Amino acid sequence: MYDETSAAKVRRFMAKSPFFVALGLLGCGAVYPQLETPVRTPPAHVTLMPPPPDDLLFVKFQSAVIPSRTRDGRSWDSVGGSLPDAFAKLYVDGKVILETPVQSNSLTPTWPDQRSANYHIRAGAPVRVELWDSNPINNHPICVSDLAELQPEAEGPLKISCSSGAELELTVQAAHGRMGIGLSYELRREEVVVTRVLRESPAARAGLVRGDQLLKIQGKTVKTMDDGEAQSLINANAATGVNLLVRKLDKSEVELTLKEGAIYPAVDEGVPVDG
540 MYDETSAAKV RRFMAKSPFF VALGLLGCGA VYPQLETPVR TPPAHVTLMP PPPDDLLFVK
600 FQSAVIPSRT RDGRSWDSVG GSLPDAFAKL YVDGKVILET PVQSNSLTPT WPDQRSANYH
660 IRAGAPVRVE LWDSNPINNH PICVSDLAEL QPEAEGPLKI SCSSGAELEL TVQAAHGRMG
720 IGLSYELRRE EVVVTRVLRE SPAARAGLVR GDQLLKIQGK TVKTMDDGEA QSLINANAAT
780 GVNLLVRKLD KSEVELTLKE GAIYPAVDEG VPVDG
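Each number in this note's numbering corresponds to the 1-based position in the sequence shown with 539 added.
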């Protein structure tokens with residue numbers, strides 16, 4: 540009989556057997572802890588420098604106002620209520636870059652659960668805004684509007700009027716920023732290796748790239764550090780400057796100082812921004 544107790548005995552044998560241990564080491568690579576340097580919201584009185592690039596914009600659907608009935612006088616929704624279940628889409632260069640969740644049974648949706656993010660939008664890129672009523676069989680368009688381009692609106696949301704009588708407000712601003720270094724790294728046995736650099740960050744502006752190796756931190760050789768010491772030195776000195784000796788991918792070595800500053804994460808980098 541092969542029961543749970545028997546299975547446990549087999550697992551113990553395999554764990555102790557040199558053959559199975561060697562097989563396990565060959566079958567899977569080592570897994571090292573990956574750490575991210577802290578990212579925080581800048582204080583209200585702080586002006587981030589440098590400013591964000593012109594082609595990185597914060598975009599968010601602010602709200603919509605929808606007529607109580609369709610243009611031919613029908614109720615919007617025949618299932619679950621008479622009001623529309625609205626969602627909005629933003630196209631840039633023919634591709635959807637932003638789509639809100641559905642907000643049910645509302646003539647004035649604000650989509651509070653939509654993602655707040657920065658998007659790369661080139662100057663002059665054609666833009667299309669769509670507002671839809673979600674239905675089980677076919678979604679119904681409420682508004683479709685083409686725009687020449689998106690420009691940051693300093694004085695308030697961009698207002699879009701539709702032939703259906705609906706109105707949309709779209710927030711378009713210079714990219715929203717965070718503060719930090721913008722670096723992720725792996726703690727290997729005797730190495731600290733860069734695994735990720737946010738594109739608009741102090742780490743990127745200093746020239747760090749994935750694969751670079753940190754040889755010294757604050758003048759101390761990484762190979763001689765205790766557990767957790769590398770992370771502690773980086774985080775404790777971020778505000779005043781972290782001194783690094785870096786071995787680049789071409790094996791050259793450079794000294795540089797990383798100091799907490801402006802980070803402008805794009806939507807695909809997965810770092811949330813305040814909206």
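What the hints contain is simulated information worked out from the structure, not anything from laboratory work.
Only a predicted model underlies this, so the values are computations on that prediction, with no experimental measurement involved.
Just so you know, not all the hints are guaranteed correct.
Subject to a maximum C-alpha distance of 30 Å in a straight line, what follows is the list of computed DSSO-like cross-link-like pairs (lysine-lysine) [unchecked claim]:
no. : residue 1 : residue 2
1   : Lys787    : Lys759
2   : Lys755    : Lys698
3   : Lys755    : Lys798
4   : Lys790    : Lys762
5   : Lys762    : Lys798
6   : Lys787    : Lys762
7   : Lys762    : Lys698
8   : Lys698    : Lys759
9   : Lys759    : Lys790
10  : Lys755    : Lys787
11  : Lys798    : Lys787
12  : Lys698    : Lys634
Hint-by-hint comparison with the structure:
Of the supplied pair hints, the one linking lysine 787 and lysine 759 holds, its CA atoms being roughly 18 Å apart against a limit of 30 Å. As the CA atoms of lysine 755 and lysine 698 are separated by approximately 53 Å, the hinted pair breaks the 30 Å bound. For the given pair, lysine 755 sits about 16 Å from lysine 798 by alpha-carbon distance, which is consistent with the 30 Å threshold. Only pairs whose Cα atoms come within 30 Å are accepted, and lysine 790 paired with lysine 762 is accepted, the gap being roughly 17 Å.
As the CA atoms of lysine 762 and lysine 798 are separated by approximately 23 Å, the hinted pair is consistent with the 30 Å bound. At most 30 Å may separate the alpha-carbon atoms for a hinted pair to count; lysine 787 and lysine 762 meet this at roughly 17 Å. At most 30 Å may separate the alpha-carbon atoms for a hinted pair to count; lysine 762 and lysine 698 exceed this at roughly 58 Å. Distance check on the hinted pair: lysine 698 and lysine 759 sit about 56 Å apart at the alpha-carbon level, beyond 30 Å; violated.
In summary, the hint linking lysine 759 to lysine 790 is supported, as the alpha carbons are separated by about 19 Å, within the 30 Å threshold. Under the criterion of a C-alpha separation no larger than 30 Å, the hint pairing lysine 755 with lysine 787 is consistent with the structure, at around 13 Å. The hinted pair formed by lysine 798 and lysine 787 meets the criterion: a straight-line CA distance of about 19 Å does not exceed 30 Å. Of the pairs offered as hints, the one joining lysine 698 and lysine 634 holds, with about 21 Å between alpha carbons and a cut-off of 30 Å not exceeded.
Against the hints set out earlier in the document, violations occur for numbers 2, 7 and 8.
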